[in-house]
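Student: Chains as they are written, first to last, in numbering that gives the first Met the number 0: chain A, 0 to 302; chain B, 0 to 268; chain C, 0 to 143; chain D, 0 to 193; chain E, 0 to 670.
To be clear, the hints were calculated from the coordinates, so they are not data collected in a lab.
Keep in mind the model is a prediction, meaning the values are calculated, not measured.
It cannot be assumed that every hint is accurate.
[What the hints assert, rightly or not] Subject to a maximum C-alpha distance of 27 Å in a straight line, what follows is the list of computed DSS-like cross-link-like pairs (lysine-lysine):
# : chain 1 : residue 1 : chain 2 : residue 2
1 : E       : 472       : A       : 245
2 : E       : 624       : B       : 62
3 : E       : 472       : A       : 159
4 : A       : 241       : E       : 472
5 : A       : 241       : D       : 107
6 : E       : 624       : B       : 259
7 : D       : 143       : A       : 11
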Amino acid sequence: MKTGFYPGCSMKGSAREYSESLMAVAKVLGRELPEIPDWNCCGATAAHNLDRDLALALPARILAAAEKAGMDEVLVPCAACYSRLSVTRHELLDAKGSEALRARISGLIEAEYRGSAKVVNILEWLAGIGGLEGLIQAPFARKVACYYGCLLVRPAGIVKFDRPEEPQSMDRLMKKIGAEPLDWAFKTECCGAGFSISRNDLVARLSGLILDDAVARGAEAVIVACPMCHLNLDMRRPNIEKRADKKFRIPVLYVTQAIGLALGIAPKKLGLQRHKVTVRFSPAVDKSPAETLPPSGTRPGEA
Amino acid sequence: METLRNKARELLASKTVQMVIGYGRGSGEAAPARAVFIRAAAEAESLIFDASCQQNLAVYLMKPEVRQLGKAALVATPSALRTILQLAAENQVKDHDLLALAVDAQGEVTPLATLQTIEAHVAALDCNLSAGEKTELQKYVALDPEQRRQFWQEEFARCLKCYACRGACPLCYCSRCTVECNQPQWIPVPAHDLGNLEWNVMRAMHLAGRCVNCGDCSRACPVGIPLYLLNQRLLSEVLANFNFRSGMAAKADNAMSTFKPDDPEDFIR
Amino acid sequence: MSDFEPKIVAFVCNWCTYAGADLTGTNRMKYSPRVTIIRFPCTGRIDFMLLLKAFANGADGIIVSGCHPNDYHYSSGNFHARRRWIVFRGLLDFLGIDVRRVQFSWVSAAEGAKWAQLVDATAEQIRQLGPFSGYHKLRGAGVE
Amino acid sequence: MSRGPVIQHDRQVLAERILEQTGVDVARCYQCGKCSAGCPLAADMDFPPSQIMHLLQLGDFPEFAELALRSHTIWLCLTCEICYCRCPMELDIPKLMDVLRYESLAQKKINPKAKDIISFHRAFLDSVRTTGRLFEMGQVIDYKLRSGHFLQDLLQAPWMFFVGKLHLIPERIRDRRLLKRMFARTLKAREGRP
Amino acid sequence: MARIGVFICHCGENISATVDVAKVAAAAAKIPGVVHSVDYKYMCSDPGQQMVSSAIKEKNLTGVVVAACSPRMHEPTFRRACAEAGLNPFLCEMANIREHCSWVHEKGEATTNKAIDIVRTLVAKVKKNKALLPIKVPVTKTALVLGGGIAGIQASLDIANSGHKVILVEKEPSIGGHMSQLSETFPTLDCSQCILTPRMVEVAQNPNITLYSYAELESLEGFIGNFKARIRKKARSLDEKLCTGCGLCCQKCPTKKIASDFDAGLGMRPAIYVPFPQAVPNKPVIDREHCTYYLKGKCRLCEKVCPTQAIRFDQADEIVEVEVGAVVMATGFDIKHGDFFPEYGYGNYRDVIDGLQFERMASASGPTLGEMRRPSDGKVPEIVVFIACAGSRDPAKGIEYCSKICCMYTAKHAMLYRHKVHHGKPYVFYMDIRAGGKMYEEFVRRAIEEDGVQYIRGRVSRIYERGGKLIVKGADTLLGARPMEIEADMVVLATAGVANPGAEALAQKVHISYDSHHFYSEAHPKLRPVETNTAGIFLAGACQAPKDIPESVAQASGAAAKVAALFSQDELIREPLIAVVDRQAPPLYSTCVGCFLCQTSCPYQAIEKEEIRGRDGQLIKTVAKVNPGLCQGCGTCVALCRSKSIDIQGFSHEQVYAEVLALLNRGESDV
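This is chain A alone, in the form it adopts within the complex (with noise of 0.2 Å):
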């Protein structure tokens, strides 16, 4: 079985931390994952909504490039990306018509793409993965909102792997590593997606009700797995306060950066200096504040 990496553009750049932290995630746990030889992107949001054939050929060159490359599976832990691979993957293997659109996108990325291999996300790889229970040195007590989002679990047909009604697979992967997962309403509403540039405002407002929730219950940290929702979430944090009129310090921890902190990597490795919002978390039980903190950047209430 050998798995492969897509990581997607964001990961190399805005969304680094979340690279980082799987990465040392991985490291502990064993895994490697080497890249897809030669990636691009996979057309995200702005493909599929102005051309779909190029919508299905970015994600089918990645995914016969992996196939090329002898994988059976390619773990894609940005949830858009995972939408765009899987959806692609479904329209070309199992859909009505399939074989004579298979056969043009094969046309359009010069190569065959047979469907060998499998794409899993963040939530269905780190499941498999038998153990982690015994390799925490720090248990992550705190309690988190598990945030989804859309991507995840949606739409229920193609991907399977958790309900699309209140999921539990990150509830219990928190639960492992010793959070308290919350009950709360927001866990797959909208965050706003790839609106973060072109409309913050929509982003802002959307973001803003998954906060208050979070935050209403209780939830120390909002926990993601998509560099989408924590940009939002994390990055557009002033546009959100702004908007609703009101401080919210709660951080948001990649699932990595969470798993990573319980099994004792230093946050730096992490990533963590990298957020918007500071995050205090330590790999210490007890809940003094992390050794390093980020340098600078805007704090919360400062933008």
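Please arrange chains B, C, D and E on chain A, whose structure you already have, making use of the hints.
Tutor: Below, chains B, C, D and E alone, put in the same frame as chain A:
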């Protein structure tokens, strides 16, 4: 071979069975093996098993004169085992009516006392047509219809209506065959082209969903008509259309007496 | 060949196709007179041997028709018939007998128009195929 | 227009094209409104999803289909999939929205309010076309040029750069020629631009 | 030697306009065996029939062919005429030369020739016809009614009151069904218990009705008029004859916190209990799953307090065998339960309840004594949202059909709520209001106009709990599909009406067909709505499809009328067009070899195994036998039988074979 003989001796001596139906040497050097009916432990040495032992001995299970002799142990090739299950599915054989001595090419003997054990044994066998059989069948399927018609017309022209195929077939156990009905006379008595065709069509249809492809009909045919082709063709149809194999289970419903609401019907207007 | 008029026998069930053909009549729709109906209680009753008998006695074509699945007088006889036809067609085809000479169909009691179309289409098909003399010739001396 | 919408029968209606391309049969929608009730942006839309469906159902009146193509809704749709997830008739509305966007682009019936959103998408894809990946910095600059929102987010960039999230030099993939060909045969061919 | 008479009808000009009838008659006369061949203007007229009957007598005919219209039209007419003239009616056949010939072809030789072909075919057939006698089947005049809800109660009373015995089987400890759980009924707001309990008492007191409560059907064999049923009486753990129903045991039982099914889980009951005070019979049962004695081997308090020593801890289930002539299925329905609607939190939030729970809450005899108190904290809900179609019309999560009763009961619920909480605010989310029925639309209007129920057209997308409130996210599709939120105290879901969990297994047990939702199928959707495809088994109430009370009662009375009609005769008379398995003299006995493929192919389970035994009782062979009461004459077995051991009367091998040969062999050959 000695294992087989010992097993037969043991079964007869302990009176577990009254008779062992097995293969014995035919008269003459090149003669094929013939069926022998061993009723005393002392006669067991005449039992043989080698590549010449092809006959489906299950055919004797349906003969009243054999049945009268009491419980039998049957030296059973894979085809014979499947025949036993098919006969059970058709209420002709009950559990513990017989004991099967499954034999394989290596001379390995496995006694199978119940239908359930036969089922388990058969489940492990490859019951698909062999590659050679498939290739041969495909050769005829690939012909154009007119060539196929001519082929069969020439083959059936030799048919003598001797009914040896029927006699050799363990699944042709009707006490009155349709060919013997004369009110009305379904099949013309004389051996002319029409009668021969109708006879063979009827037999093939009556074996659809039942035949286990033992091939004894073709072996029995004195004029060498490749009857097995018809049976293999229909068992492929039944498998492809209904996902059904005969002779796999003792309680199976027959493919031709059941249906699925979504059976194919693209040929129906 | 142009003046060839085929003989076609229709084996139909009493409850759907027979009634459908009655409706064709009630509506005065015209169709080829080359087709004559024999009534059966159900398609499940139709013995494949009868189809052979029809060909042997001079039929050039055959229609077999009954109730649509699930719309059926005798809850499942037509499903059984369908299975039988699948196998029978496979056999005829393997024997090199032109399966286009047997037309299977579902015609309900409400489908008077479908019956007329079916008859005409089948008659035309058989007309094109010509007399089934190859089969008729099989009938040797001393039959019946 | 004073007579109200006029029926036109002799044309292939939009709903049929949608059915053909996506398998979504708008006739199955019975207007329960659950999609609109759950849509995160329904309040911002000119026609919430259930109304888009109804505009398409009335496809015999071309003016209604036109309203759907000219709507702001189709560009606001985030493809969050919640409507599809909860639709009792399992209608894939997000997929249908894709087709409406393509038709809207092809027929040049883009809602003026959607200009920024589309500029962002174009900037994004331009970056992918030239480098094979998203070059965030380049894209944002491109978007600013297209949209005219020069000052927006000006304060974010230095911070991002500081925490190591913003690269000044794009990552490029090796097989960029293939990417160019893929774009040329899809998006560019459709839009007829060089 | 056959002596056949052929009668060609002109049908006015309907036949004679395109067919040369005289020529047909002349040709028919030449067919061997035909001794009489005439044509006449209207064969079906009195003089025409007279011609047939006098020819039978004068020419001593052994068979008659009337060439006229479709047999579906006049076969009974001519068969009756033959019978009156002394000829067995099954020796008369019709040649359809009108619908199948004169009406569908142009005038000409080909048409006349086809008419001759048809006549020749039928002459050949009729020569092979045999005189048949109608089949008589005795009738056991006792009905079995399965299910003691309102439909089963009504059917039982109607059958019993027409003078026949009834055995009523109810699986719960008491009859009454869902109707006994309801508070008030639409559109009159009668108290459900008030109109139902007198009927329940009537059942208990009617001497013609034997009631088995806490009992289930174990098996049903046989056929119309002659069923054998085995009924499992589940152990009540007490002697019903001794129990007086005083209720002391229930009061003293120490295990009291068991969720009551009758109260839809809202109330509690002890381990020994009667489901509700007006139960019939008013005798408790011990719930062995929860009783301390059965769990831990200690307690037996009920035994100690029972004044009549009626408790029987060691009682076992009992099987009762009964013979019945007809069965009425009245097993009712269920509502969809459980976690099937996660976006509404149904099964998760305690204050999201279903319709039956609301009924119990509203019922004066319910767990809150009729007060509106929400389950989570017992507070009076100030804002209640009612959601229609929760699972109905929803192929994705529920069922695609409309459950039919919910629109009305939702209006009733909102109204009842308003009557009980005057300052409360009821909202109803709906898509369509289906209020077809006498006084139904008026009832809904009353809810809206007089009781101020706020109807909002749209479906709720999601419900979540926050701060003790249920946030209901909906939209109003009449106002531009604007999303809206209501902070409700309680939500009532009109969950879909579905078949009972055991419906499929029961249908298989009694051999009736059912649809993909496991509702029982009627024999014809319009013309035979209370019969099943299995003769002698009838349907009443919601086991066929969701129904309200008036419909259930109407259908129950319809089923009862069918049963009474069946029981009005001592013997059933059926057409003898059925299959028979060949029988021969010994030693063969039958050409059947007993492969029983026919048995699996029979759609009516009409084929049985018959053991043929010698004088010494030794089994000679097992062969097939057709049960004439069950066989419907389709002939599927006939075509399947390899040894041609089964034949079907009226369409026998000889008959159809002769038809094929005669049709294709023009000329004078007689086959």
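Student: Compare the structure with each hint and give your call.
Tutor: For each hint, the structure was consulted:
1. Our distance criterion of 27 Å between C-alpha atoms is met by residue 472 of chain E and residue 245 of chain A, whose separation comes to about 25 Å.
2. In summary, the hint linking residue 624 of chain E to residue 62 of chain B is supported, as the alpha carbons are separated by about 24 Å, within the 27 Å threshold.
3. Under the criterion of a C-alpha separation no larger than 27 Å, the hint pairing residue 472 of chain E with residue 159 of chain A is consistent with the structure, at around 26 Å.
4. Proximity of residue 241 of chain A to residue 472 of chain E is assessed by CA-CA distance (about 26 Å); at most 27 Å being required, the pair is judged to hold.
5. Under the criterion of a C-alpha separation no larger than 27 Å, the hint pairing residue 241 of chain A with residue 107 of chain D is inconsistent with the structure, at around 36 Å.
6. Distance check on the hinted pair: residue 624 of chain E and residue 259 of chain B sit about 26 Å apart at the alpha-carbon level, within 27 Å; holds.
7. For a cut-off of 27 Å, the pair hint linking residue 143 of chain D to residue 11 of chain A stands: about 22 Å separates their Cα positions.
The structure shown violates just one earlier hint, number 5.
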